[in-house]
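Enquirer: Protein chains in written order, with this note's numbering: chain A, -6 to 149; chain B, -6 to 149; chain C, 243 to 333; chain D, 243 to 333.
Just so you know, nobody snuck in bad clues.
Subject to a maximum C-alpha distance of 25 Å in a straight line, what follows is the list of computed DSS-like cross-link-like pairs (lysine-lysine):
(1) A:K135 to D:K310
(2) C:K313 to B:K135
(3) C:K313 to B:K146
(4) C:K310 to B:K120
(5) C:K310 to B:K146
Treat the hints as calculated values from the structure; they're not laboratory data.
Note that the coordinates shown come from a computational prediction; the quantities given were computed from them, not determined experimentally.
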Amino acid sequence: MLPLLTVRIQSEPFDAAAEIEALSRLGEDVGAVTSFTGFCRSEGGRLAALELEHYPGMAEEEIGSVVAEAVSRWPLYGVTVIHRHGVMRPSDGIVLVVTASSHRTASFEAANFVMDYLKTRAPFWKKEHRVDGSLGDWVDAKIEDDRLATRWKLDA
Amino acid sequence: MLPLLTVRIQSEPFDAAAEIEALSRLGEDVGAVTSFTGFCRSEGGRLAALELEHYPGMAEEEIGSVVAEAVSRWPLYGVTVIHRHGVMRPSDGIVLVVTASSHRTASFEAANFVMDYLKTRAPFWKKEHRVDGSLGDWVDAKIEDDRLATRWKLDA
Amino acid sequence: MWLISMSEIKLVYFAWVRERIGLAEERVSVPDEVKTVAELAGWLQTRGEEYAHAFENPAVVRGAIDRKHVKPGALIAGASEIAFFPPMTGG
Amino acid sequence: MWLISMSEIKLVYFAWVRERIGLAEERVSVPDEVKTVAELAGWLQTRGEEYAHAFENPAVVRGAIDRKHVKPGALIAGASEIAFFPPMTGG
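Could you put the whole structure together from the sequences, leaning on the hints where they help?
Expert: Put into structure tokens, the structure is as follows:
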């Protein structure tokens, strides 16, 4: 059975529970479902919002190729990735990754892998909106994220 | 703020969506929520059910101490662990781990850590019920699980 | 008159250890010369066929004293509940 | 009469590269001697203050050709869309 792969780039909120449920129902040998949800943070009350800009088309393609790489590396029944763009308030979900496998380690590692690569390869940029109403800076890319991504020895 | 720690050992099904939602709502600096759900598998149609036996009291204490160790190692807003006992059919959820943190790596690693230790330290045993109605074997502990648990350098 | 010193302990068994012994729990009077969990397992082995079967490979049977995992060399003095079970398969 | 050979390419900019240049996209005629993405960035830098600002630290600006990440030495011949943007911060 081919794995069920879903990549969506959207401005609307996502329903993490429904996405997790869908991958949990891919048959009686799904033994492990891992989900990761990334949320907008207020940074201790400093931020009113984050504005996410993206490169339409390229975002889907890059995330799609990360997902394809994940299913080539781990035995997976399904992978779902949803990444939002637009203005996010604190506690709004920005990104969701769900993986389903027979086994725990495959599901965990694949979800972690997808998040690592998504952070360094998916063309999204975050701009801060401060609570005082002013526009803040563009969020800097973390060197730490590059280091995490190199753990998987994927060619750039 | 003290982290919200929840450990439940129960025979009833759990609501993964509600548990994930609860940890996602622990404030505006929750940036990352990881969930892992382990399901009963049919093993390619061979099994009708798994019966989970546990050591009441010790199960809560062991999982509680794994959770306490996790919050001492990673900055977490909350950890929820639910482990069921009794008879599980294929696709029934057996175990749920949810972790909430500001940051992705803390949330991912803590969830992975809790699952690794739960597998090797929590007093649960699985017995197979075959589809032909006969009782199968007790599931053997995997040496692989012991190896995974030693990654974290926790004293036994 | 002479006296054999004994202490009574609650023993609990799980999974195939329980099935082989045929009991989930029992109270036993253990001779004082039985000092460790491993010695207790060895002493139990002499109590009959079921026990011999349960402990036939003592290396795979795990022990807990008062609901804490212990090593085979752990002393049983003062214990109120000692458990024997196979390697765990939770999660 | 002499002829300067040029090819027209669509350029797209994101995040602070877009803000500094003041444009989300444009079509430009690039001289044929501009062969690589790095040379294109260098040539754009000469087009005015905004461009100079956007590319002031060329090492941090990333490029993509037809929606694929590329290294600075990648050849631009045949490209229909070239993007410049800061390191990504998705996820």
